[in-house]
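S.K.: Each step along the sequence shown adds one to the number in our numbering, with nothing skipped, and position 48 is 48.
Don't read these hints as lab results, they were simulated from the structure.
A few of these clues could be false.
[Stated by the list, open to error] Pairwise CB distance ranges (calculated):
| # | residue 1 | residue 2 | range |
| --- | --- | --- | --- |
| 1 | G91 | I28 | 28 to 38 Å |
| 2 | A80 | E118 | 27 to 37 Å |
| 3 | T119 | T180 | 21 to 31 Å |
| 4 | D192 | G107 | 29 to 39 Å |
| 5 | G107 | T195 | 30 to 40 Å |
| 6 | G94 | K64 | 43 to 53 Å |
| 7 | S166 | C188 | 30 to 40 Å |
Glycine residues also receive a C-beta, built at the ideal position from the N, C-alpha and C atoms.
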Amino acid sequence: MSTPERQSARARRRRHEHERQAVVFGVIIAGLAVVGVGALAVYTGAVDSPFDEPFYAPASDQSKLAVPCVPDETMPVPYADVHVNVLNASGDVGIARITGDLLTDRGFTVDSLGNADETLDFIEIATNAEGLPAAYTLAAQFETPAVVLDDRAEPTVDVLVGSGFSGLVEEESVGLEADTPLVNLAGCVPVDEITPRHLPTPEPTVQDDEAAEE
Numbered sequence: 001m002s003t004p005e006r007q008s009a010r011a012r013r014r015r016h017e018h019e020r021q022a023v024v025f026g027v028i029i030a031g032l033a034v035v036g037v038g039a040l041a042v043y044t045g046a047v048d049s050p051f052d053e054p055f056y057a058p059a060s061d062q063s064k065l066a067v068p069c070v071p072d073e074t075m076p077v078p079y080a081d082v083h084v085n086v087l088n089a090s091g092d093v094g095i096a097r098i099t100g101d102l103l104t105d106r107g108f109t110v111d112s113l114g115n116a117d118e119t120l121d122f123i124e125i126a127t128n129a130e131g132l133p134a135a136y137t138l139a140a141q142f143e144t145p146a147v148v149l150d151d152r153a154e155p156t157v158d159v160l161v162g163s164g165f166s167g168l169v170e171e172e173s174v175g176l177e178a179d180t181p182l183v184n185l186a187g188c189v190p191v192d193e194i195t196p197r198h199l200p201t202p203e204p205t206v207q208d209d210e211a212a213e214e
């Protein structure tokens, strides 16, 4: 190969290398620009940082639940008339059975035991509008429970026992009197302002204590 040809080949290689470097640097600069815009959006609050989100499926947030009020002058329900489905939402084995036994000893009618579809760190008591007096009567047995509305057909009550459960409150601390109206939970909302939660599955049926809960 003659000298001019070699020089021409070297020039083509250099030009090709320069073009490739220009492409690489262009991609890098574009990527940095995207990162910079994203960082600015996070800094200004226009976009939530992905690192603020937990890396697991979070338990339901009790503070975000709409707690229904009971009508004025609503009286407590006799314990035996409160039909309860106890669901383990703690992730620990045996919590539904233990809670069911405690409620039975106190006089409530426990219809079934089972496992909830979600994990909670608090006590959630669910019923329909008709079952609110029973739900509030049951709620008085627990520390800081949440009461929620769903669209069940019957005024039964589900209690989802989360990981924060440490037993029922002492009977003398329940504070219910047969002739004294129920006291609404703090921050409650009128029933007609709440859209009841939809129940996707049939209500639990009566089951054997040992077989019902894993």
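S.K.: Need the list of violated hint numbers for this structure, in ascending order.
M.R.: Numbers 1, 3, 6, 7 - these are the hints that the structure violates, sorted from lowest upward.
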